[in-house]
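With the first letter of the sequence shown counted as 1, position 455 gets the number 455 in the UniProt record's numbering; the numbers rise by one all the way through.
Hints may contain errors.
[To be verified] Quick list of simulated restraints, FRET-style, between CB atoms: (1) ARG661 with LYS338: 55 to 61 Å; (2) GLY619 with ASN518: 43 to 49 Å; (3) ASP635 with LYS275: 58 to 64 Å; (4) THR400 with PRO36: 54 to 60 Å; (5) LYS379 with ASP456: 28 to 34 Å; (6) ASP456 with ASN339: 17 to 23 Å.
[Unchecked claim] DSSO-like, lysine-lysine: derived pairs with alpha carbons at most 27 Å apart: (7) LYS275 with LYS331; (8) LYS311 with LYS459; (9) LYS346 with LYS220; (10) LYS366 with LYS383.
Quick caveat, the hints were computed from the structure, so don't treat them as lab data. Backbone N, C-alpha and C fix where the C-beta goes; we use that ideal spot for every residue, glycine too.
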Amino acid sequence: MTSDVKNKANESQQSQSRYQQVKQILDKAYAAQAIPSYQGLGAFWNTLTYSDFMQFKLYGEKLIADKPQKSCCGAEPKYTRAQASGLIKGLRGEFPFNGEQFPALPWATNALTESDIQFIESWINDDCPEQDGVALAEASKTGASKKEATTVVDPLNLAPSLSNSGNINAFKRSNNEPKQRKNADHLTDEEICKLREAFRWARSLNAWPRDRRSLNSWGKLHGDVCAHGFEQFLTWHRMFLYDFEKNLQDFDPDVTLPFWDWTSPEYDENRDKSKPSNGGIIPKIFRCFITEQAIAELVDEYHLPESVAKKLKAVVGRDFNSGVELFDAAKIEGEEYKNNAAIIVKKLEDLNPLWYNARYPNMFFKTESGNPNVYIRDKETNKPIPVDNGLRGFHHHFPTKQDVDNLLALEYWRDFAGGPAYNQAFGLVDMEPHNTIHIWVGGFNPNYDAEKAQNDNAKDLLDTNMPGDMLDNLTAGFDPIFWPHHVNIDRIFTMWQQRHPNQVPYGMDVALVGLGYNTRDALNAEALGYEYVDAAAFYVVDKTQPAGTINLSAEQINKTALATCRRVELRLHQIKQPTESMYIHAFINEPSIELDTPVVDNDKFAGYVSLWGHGSCVGGPGHCAVPGDAADPYDLRGPNHNAKRNISLDITKALRAAVARGEPSAQISLRALDASLTRIAQELDVEAVSINYVN
Numbered sequence: 001m002t003s004d005v006k007n008k009a010n011e012s013q014q015s016q017s018r019y020q021q022v023k024q025i026l027d028k029a030y031a032a033q034a035i036p037s038y039q040g041l042g043a044f045w046n047t048l049t050y051s052d053f054m055q056f057k058l059y060g061e062k063l064i065a066d067k068p069q070k071s072c073c074g075a076e077p078k079y080t081r082a083q084a085s086g087l088i089k090g091l092r093g094e095f096p097f098n099g100e101q102f103p104a105l106p107w108a109t110n111a112l113t114e115s116d117i118q119f120i121e122s123w124i125n126d127d128c129p130e131q132d133g134v135a136l137a138e139a140s141k142t143g144a145s146k147k148e149a150t151t152v153v154d155p156l157n158l159a160p161s162l163s164n165s166g167n168i169n170a171f172k173r174s175n176n177e178p179k180q181r182k183n184a185d186h187l188t189d190e191e192i193c194k195l196r197e198a199f200r201w202a203r204s205l206n207a208w209p210r211d212r213r214s215l216n217s218w219g220k221l222h223g224d225v226c227a228h229g230f231e232q233f234l235t236w237h238r239m240f241l242y243d244f245e246k247n248l249q250d251f252d253p254d255v256t257l258p259f260w261d262w263t264s265p266e267y268d269e270n271r272d273k274s275k276p277s278n279g280g281i282i283p284k285i286f287r288c289f290i291t292e293q294a295i296a297e298l299v300d301e302y303h304l305p306e307s308v309a310k311k312l313k314a315v316v317g318r319d320f321n322s323g324v325e326l327f328d329a330a331k332i333e334g335e336e337y338k339n340n341a342a343i344i345v346k347k348l349e350d351l352n353p354l355w356y357n358a359r360y361p362n363m364f365f366k367t368e369s370g371n372p373n374v375y376i377r378d379k380e381t382n383k384p385i386p387v388d389n390g391l392r393g394f395h396h397h398f399p400t401k402q403d404v405d406n407l408l409a410l411e412y413w414r415d416f417a418g419g420p421a422y423n424q425a426f427g428l429v430d431m432e433p434h435n436t437i438h439i440w441v442g443g444f445n446p447n448y449d450a451e452k453a454q455n456d457n458a459k460d461l462l463d464t465n466m467p468g469d470m471l472d473n474l475t476a477g478f479d480p481i482f483w484p485h486h487v488n489i490d491r492i493f494t495m496w497q498q499r500h501p502n503q504v505p506y507g508m509d510v511a512l513v514g515l516g517y518n519t520r521d522a523l524n525a526e527a528l529g530y531e532y533v534d535a536a537a538f539y540v541v542d543k544t545q546p547a548g549t550i551n552l553s554a555e556q557i558n559k560t561a562l563a564t565c566r567r568v569e570l571r572l573h574q575i576k577q578p579t580e581s582m583y584i585h586a587f588i589n590e591p592s593i594e595l596d597t598p599v600v601d602n603d604k605f606a607g608y609v610s611l612w613g614h615g616s617c618v619g620g621p622g623h624c625a626v627p628g629d630a631a632d633p634y635d636l637r638g639p640n641h642n643a644k645r646n647i648s649l650d651i652t653k654a655l656r657a658a659v660a661r662g663e664p665s666a667q668i669s670l671r672a673l674d675a676s677l678t679r680i681a682q683e684l685d686v687e688a689v690s691i692n693y694v695n
């Protein structure tokens, strides 16, 4: 012990106990700063009784370690009581208070001096006397002793609401969890922006035809070697999607490919048999639009005539399922269209790299008998005449939920996905809905210019193809909407596998041509690092707030996703196993949660999970430390006994009850109680919470 520490100890014997001095040292650290929450206790060294302070755990870390014992063979402990105490570890910035899990103590203020830390260390090694010096003498004179506080029910100190943090895939990537592929109609603004920028990057590489990262390179690969019509159809495309998604993640590691659920109510109009075949609805993020700034750039850089600019300004603020619809709405036709369409199309692609000009959803037109390359035109407008029954002319219809349910009920791989090449069994999912959507989205170009198509000297290729690219297997992969369509096929494949886990193709070791895999590699989607959810909300937990409670900000209930999903999961991410068992209760829109808020006959109670505590650590320093994030790829041992884990809770019933009560939004609150259900469990340690609409 240094002379400084000894002097302080001597002074304490003449004035006050060392325990009181320890509290004063901690008080002094916050002389000019506000004291953090510290699990809702604030200055816990003052608010807790001495006995409670000796047992106190700060987010699961016991601040005063139990007195070390000799080993069973009589050997002395290898570490002191102070060295094992979380308080000293925290004050010295040692694990887990080294920034990996928690910042060094004290929080939100300056570090203590070394002499102060040594004073606290000596007090702990002296077995933390509550009363010594004058204070002990005074107690002896009066016969007084400090009454031990009886254990009381903790007050429920609900943490402030956490805001939706948005980017769940960044968290999942850093914690080695499968990333989420979401419904294209339910992406956040940030996710849409990331997806567009990734596609912009891939499209920009089209200038180098042999660059395999370019969008066109992937489109050509699909046209050259894709598997259709037999049992490798689904596995080939799964790995094709996997490789392309990894390609985009080289640009942005948090991007995933969304799916287009064509059976959603948003697309009911596409199923309306009374509608003519002159246009259909696609996901909003794949539509085209124009802005005031883009129009100004067209005028300044490409000398767009003011008359055309004026017409474009009339459609600012709207989006269109195809370029054809935009030009029709702006009334740009004839010579104005021929002279300016190419530069306008280029600007539309710049604004939204997910849009594609050679895409004509649900546009089918009558053609001359015996001459399918010539449209029959309206005598007054000179426009092609739409086919009355659209896709039904191809003996198909726009997919419905019932179609998908029928597919999922198929029992055998051969019926669902296709048989081996030698018997040429064509899987039903390949025909309907796969082929149907390709045909419907591709459509036919009403502005097809047969004369220009024959002109080798044409200044651009605009309108030189009659069918849209999605309609033709050789060109489908060039259209960005190809990807969400096939991701949805893979989602249906995944659901079918969950219902029929024992069904596998005949050729398990068949090579997937053009890709570096065989069929066996493609049979587990989660092993490839992704999962499917309709929509999700994500919250990072603020660990400076009171432990034992988590309060999420109110979020608009996604009624569309709720109506179609199988369940809504509340997930607790990266939970640290507690030493003591606990229950975690979830409530939805419960205005006042107390310790005795009922869980029985309460439709605002969403459910619970129980965590089984592992008990006190039986090993030396570090034995029960939570392992770090970085995993050694060559370590083949099983997970650490204290490895963090995820837990899911089905809250579908409670969320639908909230909708039935007319509540437009949902605020979820979590309450952690100890095994006796009488105290807040202080050890609830969770990194993040998410709400996932799973189909």
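Now the hints, each set against the structure:
| no. | hint | result |
| --- | --- | --- |
| 1 | ARG661 with LYS338: 55 to 61 Å | 58 Å, holds |
| 2 | GLY619 with ASN518: 43 to 49 Å | 45 Å, holds |
| 3 | ASP635 with LYS275: 58 to 64 Å | 59 Å, holds |
| 4 | THR400 with PRO36: 54 to 60 Å | 55 Å, holds |
| 5 | LYS379 with ASP456: 28 to 34 Å | 32 Å, holds |
| 6 | ASP456 with ASN339: 17 to 23 Å | 20 Å, holds |
| 7 | LYS275 with LYS331 | 22 Å, holds |
| 8 | LYS311 with LYS459 | 24 Å, holds |
| 9 | LYS346 with LYS220 | 21 Å, holds |
| 10 | LYS366 with LYS383 | 11 Å, holds |
Hint compliance for this structure: no hint is broken.
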